[in-house]
Amino acid sequence: MDFELTDEQRMFRDEVVRFARAELNEDVVARDAQSAFAEKEWRKCAKLGIQGLPVPSEYGGEDADPLTIMVAMEALGYGCKDNGLIFSLNAQMWACEMPILLFGNEEQKRTYLPALCDGSLVAAHGMTEPGSGSDAFSLSTTAESRGDHWILNGSKTFVTNAPIADLFVVFATTDRSKGWAGLCAFLIERGAPGFSVGPPLEKMGLRTSPIAELFLEDCEVPAKNLLGKPGGGMSAFNSSMEWERSCILASTVGAMQRQLERCIDYAAERKQYGQPIGAFQAISHTIVDMKLRVETARLLLYRLGWLMSRREATPLDSALVKLYLSESYVSSGLEAIQVHGGYGYMAEYELERELRDAIGSRIYSGTSEIQRNVAAAFMGLGR
Amino acid sequence: MNTTEKEKLRGFIIDRLRWDGASRQLTDDYPLLESGVIDSLAIFEIVQFLEDECSVEIADDKLVPENFATLAAIAKLVESKS
Numbered sequence: 000m001d002f003e004l005t006d007e008q009r010m011f012r013d014e015v016v017r018f019a020r021a022e023l024n025e026d027v028v029a030r031d032a033q034s035a036f037a038e039k040e041w042r043k044c045a046k047l048g049i050q051g052l053p054v055p056s057e058y059g060g061e062d063a064d065p066l067t068i069m070v071a072m073e074a075l076g077y078g079c080k081d082n083g084l085i086f087s088l089n090a091q092m093w094a095c096e097m098p099i100l101l102f103g104n105e106e107q108k109r110t111y112l113p114a115l116c117d118g119s120l121v122a123a124h125g126m127t128e129p130g131s132g133s134d135a136f137s138l139s140t141t142a143e144s145r146g147d148h149w150i151l152n153g154s155k156t157f158v159t160n161a162p163i164a165d166l167f168v169v170f171a172t173t174d175r176s177k178g179w180a181g182l183c184a185f186l187i188e189r190g191a192p193g194f195s196v197g198p199p200l201e202k203m204g205l206r207t208s209p210i211a212e213l214f215l216e217d218c219e220v221p222a223k224n225l226l227g228k229p230g231g232g233m234s235a236f237n238s239s240m241e242w243e244r245s246c247i248l249a250s251t252v253g254a255m256q257r258q259l260e261r262c263i264d265y266a267a268e269r270k271q272y273g274q275p276i277g278a279f280q281a282i283s284h285t286i287v288d289m290k291l292r293v294e295t296a297r298l299l300l301y302r303l304g305w306l307m308s309r310r311e312a313t314p315l316d317s318a319l320v321k322l323y324l325s326e327s328y329v330s331s332g333l334e335a336i337q338v339h340g341g342y343g344y345m346a347e348y349e350l351e352r353e354l355r356d357a358i359g360s361r362i363y364s365g366t367s368e369i370q371r372n373v374a375a376a377f378m379g380l381g382r
Numbered sequence: 060m061n062t063t064e065k066e067k068l069r070g071f072i073i074d075r076l077r078w079d080g081a082s083r084q085l086t087d088d089y090p091l092l093e094s095g096v097i098d099s100l101a102i103f104e105i106v107q108f109l110e111d112e113c114s115v116e117i118a119d120d121k122l123v124p125e126n127f128a129t130l131a132a133i134a135k136l137v138e139s140k141s
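First to last, the sequence lines map onto chains A and B. Heads up: the first sequence begins at 0 in my numbering, then just goes up one per residue. Heads up: the second sequence begins at 60 in my numbering, then just goes up one per residue.
One thing to keep in mind: the hints can contain errors.
Claimed, not checked - As a list, the in silico DSS-like pairs of lysine-lysine whose alpha-carbon atoms are at most 25 angstroms apart: (1) B/140 x A/228; (2) A/228 x B/121; (3) B/121 x A/108; (4) A/228 x B/135; (5) A/177 x B/135; (6) A/108 x A/228; (7) A/228 x A/177; (8) A/177 x B/121; (9) A/223 x B/121; (10) A/223 x A/177.
Calculated from the structure, these hints are not laboratory results. Please read these numbers as outputs of a predicted model, since none were measured by experiment.
The shape of chain A in the complex, shown without the other chains (with noise of 0.2 angstroms):
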């Protein structure tokens, strides 16, 4: 087993660190304060290739091999401090580029991913209901197929990019009866008669990407617009939570990396007692074990990208990663808090928004109690 990056991938790397720094910090304090997206910073991401990093490169992107995609995610974590804006890059590409990818026809992939990836379009991903988190597949929405056209009706909530997309890939169900064997997903652009999107939802953190519930009343989509086969929502829902699952905290790694450094260099400087607080163990310690946590973070990761590469992936280990990166990025960030003690605490310091920023990746993308039961299950254990 060698983890040793490629000369390619280092350089990659290197490129989106100084990328990051150089472009994407700007106000980032204000922007959190004002739930502004960063539009402008959006664009440069596309410019560098960050969208279209799993895309093949006859549709645009950049044709990535998990391990690099996950190390340039981890990369852009690391220099970039807007959480939110990577949030809504993740969102897109995982919950929106990949089901197209793998479930579009050559004319859906064809007319979204090269816009997806160049990033004049955004896109969102529509599943979560007022009434179904969790139990997925319980969803109200329904979709009456009339020829030419379907007809939706119902709505969709916590929407990651709603006030800002262009295209929604949706999902709703021909027969609730059937639970998760009626599915379908859809593909629907913003102004499509029926569709509407509401106001954008305040949140706790990532608080630049912004969030909107969906409404569809008479929605009119046309049969063209269906992704993937009548029932095949399932599977287009569940591969791209697989992509999700695996590689939305990547840019975790690289974000604990930069408050573990942070975190060495306040210690170093800070005296109290007469001495650095790095010298008393209390502090030293917290350290220590924020090291061992980025470090197995990392290493749970790219052995998640190496299993990918070989298609050895199982969602056991897509669950362990999701449920690991997360809790220790929550973990991460309150010590980081402690260790700068009441500047922690203050906005300039950015570490209470970091905290803020990672509480919600134990809840997003199934939340760390479902990571838990799909690991289970494929344990042989918890059915």
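Starting from the known structure of chain A, arrange chain B on it as the hints suggest.
Below, chain B alone, put in the same frame as chain A:
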């Protein structure tokens, strides 16, 4: 899918999934989806089983209800990949 592999799959469903009945009731045409034996998570457990035991690769776009409705349907899916 040979007989041994099919019997192993039958055993896997009985032992690992939501199967409460007698083993003889799990016939080739027993409705696995309608009865709730195979839920959305179980499909991926079955795919894992098939890939390990039958040395086939099941693409994501094959994970549709008709391919998992019964044991016979699953066997047909595996045979189409062999």
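The hints, checked one at a time:
1. Between residue 140 of chain B and residue 228 of chain A the CA atoms are separated by roughly 19 angstroms; this keeps the pair inside 25 angstroms, and the hint holds.
2. Restraint check: the Cα-Cα separation between residue 228 of chain A and residue 121 of chain B comes to about 10 angstroms, which is no more than 25 angstroms; the hinted pair holds.
3. Of the supplied pair hints, the one linking residue 121 of chain B and residue 108 of chain A holds, its CA atoms being roughly 19 angstroms apart against a limit of 25 angstroms.
4. Note on residue 228 of chain A and residue 135 of chain B: the hinted pairing holds, with a Cα-Cα distance of about 19 angstroms set against a maximum of 25 angstroms.
5. Our distance criterion of 25 angstroms between C-alpha atoms is met by residue 177 of chain A and residue 135 of chain B, whose separation comes to about 22 angstroms.
6. The hinted pair formed by residue 108 of chain A and residue 228 of chain A meets the criterion: a straight-line CA distance of about 15 angstroms does not exceed 25 angstroms.
7. Of the supplied pair hints, the one linking residue 228 of chain A and residue 177 of chain A holds, its CA atoms being roughly 15 angstroms apart against a limit of 25 angstroms.
8. For the suggested pair residue 177 of chain A and residue 121 of chain B, the alpha carbons sit about 18 angstroms apart, so the restraint of at most 25 angstroms is met.
9. For the given pair, residue 223 of chain A sits about 20 angstroms from residue 121 of chain B by alpha-carbon distance, which is consistent with the 25 angstroms threshold.
10. For the hint linking residue 223 of chain A to residue 177 of chain A, the alpha-carbon distance of about 23 angstroms falls within 25 angstroms, and the restraint holds.
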